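*Asks:* Chains as they are written, first to last, in our numbering: chain A, 12 to 514; chain B, 111 to 384; chain C, 10 to 409.
Some hints here could point you the wrong way.
What the hints assert, rightly or not - In silico BS3-like pairs for lysine-lysine, Cα to Cα no more than 27 Å straight-line:
| no. | chain 1 | residue 1 | chain 2 | residue 2 |
| --- | --- | --- | --- | --- |
| 1 | B | Lys183 | B | Lys259 |
| 2 | B | Lys259 | B | Lys328 |
| 3 | C | Lys133 | C | Lys114 |
| 4 | C | Lys114 | A | Lys166 |
| 5 | C | Lys288 | A | Lys166 |
| 6 | A | Lys178 | A | Lys24 |
| 7 | C | Lys243 | A | Lys510 |
| 8 | A | Lys178 | C | Lys374 |
| 9 | B | Lys368 | B | Lys328 |
| 10 | A | Lys24 | A | Lys57 |
| 11 | C | Lys364 | C | Lys166 |
| 12 | C | Lys265 | C | Lys243 |
| 13 | C | Lys288 | B | Lys328 |
| 14 | C | Lys364 | B | Lys368 |
| 15 | A | Lys166 | C | Lys166 |
| 16 | B | Lys183 | B | Lys148 |
| 17 | B | Lys186 | B | Lys148 |
| 18 | B | Lys148 | C | Lys133 |
| 19 | C | Lys364 | B | Lys328 |
| 20 | C | Lys166 | C | Lys133 |
| 21 | A | Lys178 | B | Lys328 |
| 22 | C | Lys114 | A | Lys505 |
Bear in mind the hints are in silico, worked out from the structure with no lab data behind them. Here the structure is a predicted model, which means the values were calculated and not measured.
For reference, the chains in residue letters:
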Amino acid sequence: MPTSFIQPEFKVKIDYDKCHKCGRCVQQCGWGVYSFNERPIPDDSKCRACHRCVTYCPAHCITIEKNTLAYRENDNWSPDARKAVWRQAETGGVLLTSMGNPKPYQRIFDHLVLDACQVTNPSIDPLREPMELRTFLGSKPDSVQVESDGNGGFKLAEGEGMHNNVKLDTPIIFSPMSYGSVSLNVHKSLAMAATRLGTLMNTGEGGLHADLYPYQDNVIVQVASGRFGVNPDYLNRGAAIEIKIGQGAKPGIGGHLPGEKINKEVSGTRMIPQGTDAISPAPHHDIYSIEDLRQLIYALKEASGYKPVGVKIAAVHNVAAIASGIVRAGADYVYLDGFKGGTGAAPQVIRDHIGIPIEIAIAVVDQRLRDEGIRNNASIIAAGSIRSSADVAKAIALGADVVAIGSASLMALGCHLCQSCHTGSCSWGITTQKPELTRRIDPEWGAEQLVNLVHAWSHEVQEILGALGVNAVESLRGSRERLRSIGLDEQTCKILGVKPAGM
Amino acid sequence: MAQTKYKTEPIEGYLHVAPEVRVEGDITVINSNAVYYKELNEVIREVVAGGAKHLRIENVNGQRYIGTGLAGKDVKIEVHGTAGNDMTMFMDGPTIEVFGNAQDGVGNTMNAGRVIVHGDAGDVLGYGMRGGRVYIKGDVGYRVGIHMKAYESLVPIMVVGGKARDFFGEYMAGGMLVLLGMNTQFAEQPLVGSFLGSGMHGGTIYIRGTVESWQCGKEVGIAEANEADMAELTPVLADYCEAQGMDLEEVLAEPFIKLTPFSHRPYGKLYAPM
Amino acid sequence: MTTRPRYREESSFKIHGGCGLMGICDESGELMSGEDAILAMAVQHDRGNGLGGGFAGYGIYPEFADHFCFHMMYHDLRAKEETEAYFDQHFLLDLAEPMPTRPVKGITDAPLLWRYFMQPYPNKLEESEMSGEDYVVRAVMSINASIDGAFVASSGKNMGAFKGVGYPEEIGHYFRLEEYEGHTWTGHNRFPTNTPGWWGGAHPFALLDWTIVHNGEISSYGINSRYLEQFGYKCTLGTDTEVAAYLFDLLLRRHKLPLSLACKALASPLWDEIDRMPKDEQDVMRSLRAVYGPGMLNGPFAIVLGFNGGMVALNDRIKLRPLVAARKGTKIMVASEESAIRAVMAEPDLVWTPKAGEPVIARVKGMDWPIHGDLHLPPSEISCAVTGTEQSCDSVEVNA
């Protein structure tokens with residue numbers, strides 16, 4: 012019998028004429044692809060095409076190619092489908108994968124185009140004229156009540172006005188990614204960058220390491236079903252608190268951080284013993300219904316002196332009604348995670364087949380909250396494969412207040428989307444706890460990469476606003492009139508509230 | 111006051127009175143009362159083509175394009191009243207003196223010549239101006255001196271005697287822009303608004319008095335005007351004072367600051383080639 | 010006058026255009042001839058393209074100061090008969106007459122123009138349990154929505170809107186405005202870039218005594234209209250003027266913001282500027298911007314809001330449309346060009362460029378503020394009234 016029906020997915024080719032025989036590839040690979048015997052010898056079956064070796068090879072002599080096995084042609088049974096069957100026949104396991112849904116679903120963002128001003132109204136030059144991205148995350152009143160200040164001016168009436176909002180200098184924040192799933196250096200990079208950018212990072216469900224305390228004003232602390240690291244001190248450190256109900260990559264699924272990843276530091280941050288599995292139940296067992304959510308929201312507010320409390324959900328079919336319930340339950344923001352969002356580990360069948368696109372979720376939630384007259388009561392954060400500043404602008408035009416970037420932020424730190432986070436051997440030192448790998452990211456460098464990325468996107472959003480002839484992001488938010496669709500069916504256009512190009 | 115009131119059959123007369131032209135000594139006088147801008151400017155071009163060197167236009171009220179595209183270094187035009195939009199746009203040589211206020215767009219893309227306004231002026235003055243001088247006596251509006259530029263021997267100069275609103279010297283690429291803050295009707299208001307020199311990447315702004323750094327664009331450096339600067343500025347001020355009937359000593363009694371751009375390429379680092 | 014939209018769907022589109030405007034108010038309440046308003050618009054002739062001009066005059070019907078005056082446009086006699094039957098049922102009519110007009114070259118295709126001075130039947134008003142203003146708004150809505158070919162151009166007390174297709178000076182003379190005297194006048198010159206003009210679509214837009222003339226393009230229209238929908242307003246005309254009107258209604262009448270703050274919400278100071286304000290003011294402005302951000306009018310505009318107590322002129326926050334103001338004695342005047350002011354105001358005491366986002370406010374002595382305090386109708390009922398409905402309004406246009 013063969014050891015496996017599954018052949019290596021990639022071929023590692025080394026041009027030995029150019030090879031320095033320096034062994035750097037051996038040292039760089041986190042998967043153990045290379046052995047060294049006078050020269051590096053690759054084992055193709057271990058390669059995940061993360062390109063760490065390619066990037067660091069001083070001779071540029073490594074190429075990684077797709078192993079184009081001659082699968083017998085069959086449009087119905089794709090090579091991937093066949094491989095999955097073989098893997099499961101061998102192991103009897105649920106297929107585990109990571110990062111976002113790679114299936115060729117329609118990408119709605121790529122079927123939306125933005126407007127620009129010509130003649131009848133002027134475009135605005137974002138470099139020289141004000142172009143405001145400042146955004147407040149949280150619940151706002153429906154109106155502002157003022158009273159005379161006695162000097163001919165006005166002041167807010169007692170208790171009136173906007174309270175407990177988090178000021179963001181750009182509408183781009185970092186997605187929740189737990190310490191445990193990513194390394195401490197990644198968390199530090201994100202926290203330092205968020206502070207410098209005047210925006211937010213999010214702890215994810217793994218607690219807040221003490222090294223991040225200096226950046227806590229720019230941190231959302233998350234409370235998930237596992238309640239890792241949650242205590243009053245934790246709740247009071249964050250700028251806002253987030254209840255995680257679900258995640259776009261794995262709606263309805265809990266989490267499982269294997270014991271081998273629970274080293275001393277992770278153990279201390281999560282407040283669980285070293286080496287134990289960190290298991291997040293699928294639901295919060297104190298939330299079986301919407302009124303229970305309200306109870307938890309207010310418990311968190313009570314415990315934190317009324318910090319903003321948001322709720323993160325995966326975008327699923329009934330997302331509009333769910334979001335409406337969340338807002339009515341007292342959430343200050345609702346975080347929508349589309350079905351292309353990333354993950355540190357998820358069953359492939361869940362990641363690839365559950366949930367709805369973020370574009371649709373934003374559109375229906377924003378409209379629903381408006382229809383119910385409660386849009387001001389909560390902000391909308393949108394995430395789930397925001398790939399560029401264009402996606403940011405389109406998400407905002409559809410109705411999001413803020414977008415969150417996870418995959419893109421990890422890419423800024425080197426991630427090459429090899430979809431192997433769940434192995435814990437990330438060669439880039441991102442989704443691993445192995446000290447020899449995690450030290451590959453210097454937080455100072457990481458923060459700079461992230462600041463660069465968000466600055467560049469923010470500049471590009473300003474360019475887009477300028478072309479649209481508005482100079483504040485609130486004039487784009489929900490302004491679907493400035494979007495047109497190309498090649499979307501009528502029903503989708505209707506749901507998005509966007510007209511086809513030409514109308 | 112330039113107006114004609116009608117109680118009957120009014121429509122024809124509002125803006126379509128034919129201009130009256132008469133000659134007084136060596137001055138050609140044009141009465142523009144209720145004359146449509148097109149007829150007025152036709153007459154101006156006609157008399158200039160016929161050799162007139164000194165024109166006086168009376169009862170101007172809002173007629174656009176006076177002096178627009180006009181050439182001739184020795185032509186002098188007096189405008190009495192309120193000059194309309196885009197006065198002296200593309201002008202290449204003549205001198206225009208306004209006894210009254212000017213509206214928006216004076217000196218738009220002007221090449222050469224002199225514009226003297228003995229009053230206030232509106233928004234977007236000297237847009238893309240490449241040469242010549244514009245001397246405003248009083249206050250001005252938004253985006254004044256926007257994108258003034260210099261090229262070889264063409265160096266535009268604009269002097270504003272009063273105060274200015276936001277975006278003064280925006281995108282400035284060359285030439286000299288001067289703000290005195292003296293002849294103003296807004297004693298209480300700041301000398302100049304926000305976004306001063308925003309996007310500036312060439313030329314010099316001189317201001318009599320001081321500004322706060324938050325008022326300035328991020329591309330602008332502020333310094334006290336030194337001796338060399340004053341040597342450059344003083345002849346311009348002397349010329350301005352003569353044109354506006356002001357006392358140079360009084361103008362020079364307060365110190366000036368000088369605003370210059372940090373870089374001729376302020377956005378070099380903004381872009382990353384793919 | 011065409012009555013039906015040729016392209017009904019057109020009402021869902023944004024209409025573009027540029028324009029000129031004026032407003033003059035004598036704060037002492039002294040009356041001025043409408044000819045001044047005509048003159049001010051005539052010198053701004055080239056800001057329009059002849060597809061729409063109009064005026065609003067206040068204090069012009071002192072002999073009927075307590076009557077609601079309906080300025081009506083009818084496509085045909087049948088529409089007139091139907092409307093008059095409606096009036097008979099709901100109002101005590103004191104005078105009905107054709108609008109005085111004179112033939113003017115360039116003005117063609119005018120609808121039938123009538124005016125009515127009326128008061129609600131006391132018993133019907135009582136039965137309705139509404140204020141007089143609410144009663145009138147409901148009538149306006151009902152006529153515009155259900156009587157084919159009828160359009161209410163204005164419906165306030167002691168005021169009227171005079172508008173149509175043509176240059177404003179032609180429209181002004183057509184309506185013989187020099188024969189009227191008012192304490193406040195506003196005027197408008199349209200430059201629509203598509204759709205042939207429609208008489209009802211010219212500015213000012215009016216509801217009760219409240220009128221709006223507007224120059225510019227509101228680039229934030231998309232979100233402004235969605236924001237208003239949240240409060241029950243339906244933006245059916247696709248025009249900037251419509252959203253501006255409803256936003257003023259929302260902020261002033263429903264949320265009871267002081268006028269100066271309502272203007273600050275619609276043309277907000279920049280965040281940098283807010284950050285430099287003293288604390289109390291900063292708190293107010295931060296809240297105003299965060300709460301009313303979706304309503305902020307972004308993009309170039311100059312607007313004049315007229316009402317029986319005076320007028321308010323407002324510019325966008327970075328001054329992308331022209332606006333000049335002047336004062337002479339008790340008179341305050343605003344216009345797109347200074348020449349318009351000079352045409353009617355010899356040697357003003359002060360001529361100035363208003364600061365971006367700073368309203369120029371003129372209040373007639375002894376008149377009530379805030380406006381429309383006694384209107385209680387929900388916005389869904391007002392929306393149709395201001396705009397006409399999809400059925401009665403024709404080719405959508407407007408703005409600027």
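*Asks:* The structure should be examined with respect to each hint, and the outcome stated for every one.
*Replies:* Consistency of the hints with the structure:
no. : hint                : result
1   : B:Lys183 / B:Lys259 : holds, 21 Å
2   : B:Lys259 / B:Lys328 : holds, 19 Å
3   : C:Lys133 / C:Lys114 : violated, 44 Å
4   : C:Lys114 / A:Lys166 : violated, 55 Å
5   : C:Lys288 / A:Lys166 : holds, 9 Å
6   : A:Lys178 / A:Lys24  : violated, 50 Å
7   : C:Lys243 / A:Lys510 : holds, 18 Å
8   : A:Lys178 / C:Lys374 : violated, 43 Å
9   : B:Lys368 / B:Lys328 : holds, 15 Å
10  : A:Lys24 / A:Lys57   : holds, 14 Å
11  : C:Lys364 / C:Lys166 : violated, 32 Å
12  : C:Lys265 / C:Lys243 : holds, 21 Å
13  : C:Lys288 / B:Lys328 : holds, 26 Å
14  : C:Lys364 / B:Lys368 : holds, 25 Å
15  : A:Lys166 / C:Lys166 : violated, 34 Å
16  : B:Lys183 / B:Lys148 : holds, 23 Å
17  : B:Lys186 / B:Lys148 : holds, 20 Å
18  : B:Lys148 / C:Lys133 : violated, 58 Å
19  : C:Lys364 / B:Lys328 : holds, 22 Å
20  : C:Lys166 / C:Lys133 : holds, 19 Å
21  : A:Lys178 / B:Lys328 : holds, 23 Å
22  : C:Lys114 / A:Lys505 : violated, 47 Å
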